[in-house]
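The numbering used here puts the first residue of the sequence shown at 1154, with every later residue one more than the last.
Some clues are possibly wrong.
With a straight-line cut-off of 27 Å between C-alpha atoms, the simulated DSSO-like cross-links for lysine-lysine are [as the list claims (entries may be wrong)]:
id	residue 1	residue 2
1	K1221	K1244
2	K1215	K1244
3	K1327	K1311
4	K1307	K1327
Here are the computed distance ranges between Cβ atoms for each label pair [what the hints assert, rightly or not]:
id	residue 1	residue 2	range
5	K1215	R1268	23 to 33 Å
6	Q1407	T1429	38 to 48 Å
7	E1428	H1342	46 to 56 Å
8	A1177	R1270	27 to 37 Å
9	K1215	R1270	19 to 29 Å
10	E1405	R1330	20 to 30 Å
11	A1177	Q1381	18 to 28 Å
12	N1338	H1292	39 to 49 Å
13	D1243	L1333	36 to 46 Å
14	E1169	G1265	53 to 63 Å
15	G1344	N1271	13 to 23 Å
16	S1180	Q1407	26 to 36 Å
17	R1252	T1440	50 to 60 Å
In short, the hints are calculated from the structure, not lab data.
Where is the CB? At the ideal position from N, CA and C, for every residue including glycine.
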Amino acid sequence: MNTVVDRYASTIGLSEVNAAHLDALESEAIHIMREVAAECSNPALLFSGGKDSVVLLRIAEKAFRPGKFPFPLVHVDTGHNFPEVITFRDKRVAELGERLIVGSVEDSIKKGTVRLRNPQTDSRNAAQAVTLLETIAEHGFDACIGGARRDEEKARAKERIFSFRDEFGQWDPKAQRPELWDLYNTRVHPGENMRVFPISNWTELDVWQYIARERLELPPIYFAHERQVIPRNGLLVPLTDLTPAREGETVETQVVRFRTVGDISCTCPVSSDAETVEAIIAETAVTDVTERGATRMDDQTSEASMEKRKKAGYF
């Protein structure tokens, strides 16, 4: 094992086999990141401040430092994000000294390209697709690097690493290109683009073990803390101005953490007393519910919810 893994193996439960597994995943992700830089004329890296995009930043550092990243960072801001995550996002970007482009769903609402029944309280999660496509068009991006993983959700599992999107920004799972022997087809015509997912083959457990190994900082809401929540349909909805209690519901104070971070209106925490990365790794190793299945209200509407959003241009 390498020096870093030797130092932390005992605390994060890494065997030599697991360490070699992480090394292989990292090597593949670095190769993909460099392939994007070499083959695409104007790429961008999607950075939300969440754990998967934090891992992408470390991969980018290993791929391109000591030079600057060959692409800007892009975040599609719904305006309904957890403040701890936005604070962390800005702090991390400043530390890296890289350029951040923010696409605003609020701006899309003001332009009329996004229409919601109640712009103040309705979920803006699906509306991110419109703002992302507008941001891609405004800056002429031909590739957007994202942190999606195949273990997250059924539609994600259909995704190629280099996922082709047509001139309307749409994804057709039946028209994806073959990826044999790590050979990637990056050709696009004007108006088309690629979504590229370097950590497609990672699992949630891989991500947390890599975070431990690399000692990566995360927003504090990933760790156990007390929060007021509303038990609803098997989920714990955070009590906020955007997600108030409904008539007849009770508000409880529980110790929780977030497995994923997104729009407040559709992202729920889980009961957990895991206050450290090591404790989260132990918890993740035995869970039998995916992070989206355990935390995302928007994925409960139907089994095809994610696929429908992706076909409309979602991440």
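For this session: Take the C-beta atom of K1215 and the C-beta atom of R1270, compute their distance, and say whether it sits inside 19 to 29 Å.
Result: This hint is violated: roughly 45 Å between Cβ atoms.
Problem set entry | Cβ distance range 46 to 56 Å for E1428 and H1342, holds or violated | holds (50 Å)
Problem set entry | Outcome of range test on Cβ distance (R1252, T1440; 50 to 60 Å) | About 37 Å separates the Cβ atoms of R1252 and T1440, which means 50 to 60 Å is violated.
For this session: Could you see if the CB distance from D1243 to L1333 stays within 36 to 46 Å?
Result: holds (41 Å)
Exercise. In this structure, is the beta-carbon distance linking A1177 and R1270 contained in 27 to 37 Å?
Worked result: About 48 Å separates the Cβ atoms of A1177 and R1270, which means 27 to 37 Å is violated.
Exercise. Is K1221 within 27 Å of K1244, Cα to Cα?
Worked result: Distance ~17 Å between K1221 and K1244 Cα, so the pair holds.
Exercise. Straight-line Cα separation of K1327 and K1311 no greater than 27 Å?
Worked result: The given pair, whose Cα atoms are some 9 Å apart, holds under the 27 Å limit.
For this session: Could you check the hint for me, namely that E1169 and G1265 are 53 to 63 Å apart, CB to CB?
Result: Taking Cβ atoms as reference, E1169 and G1265 lie about 57 Å apart, which means the hint holds.
For this session: Return holds or violated for the Cβ distance of N1338 and H1292 against the range 39 to 49 Å.
Result: For H1292 against N1338, whose Cβ atoms are near 23 Å apart, the range 39 to 49 Å is violated.
For this session: Indicate whether the distance between the beta carbons of G1344 and N1271 respects the range 13 to 23 Å.
Result: violated (33 Å)
Problem set entry | Agreement of K1215 and K1244 with the hint, judged by alpha carbon distance not exceeding 27 Å | OK: K1215 and K1244 at ~20 Å, within 27 Å.
For this session: Using the beta carbons of Q1407 and T1429, state whether their distance is inside 38 to 48 Å or not.
Result: violated (19 Å)
Violated hints for the displayed structure, listed by number in ascending order: 5, 6, 8, 9, 10, 11, 12, 15, 16, 17.
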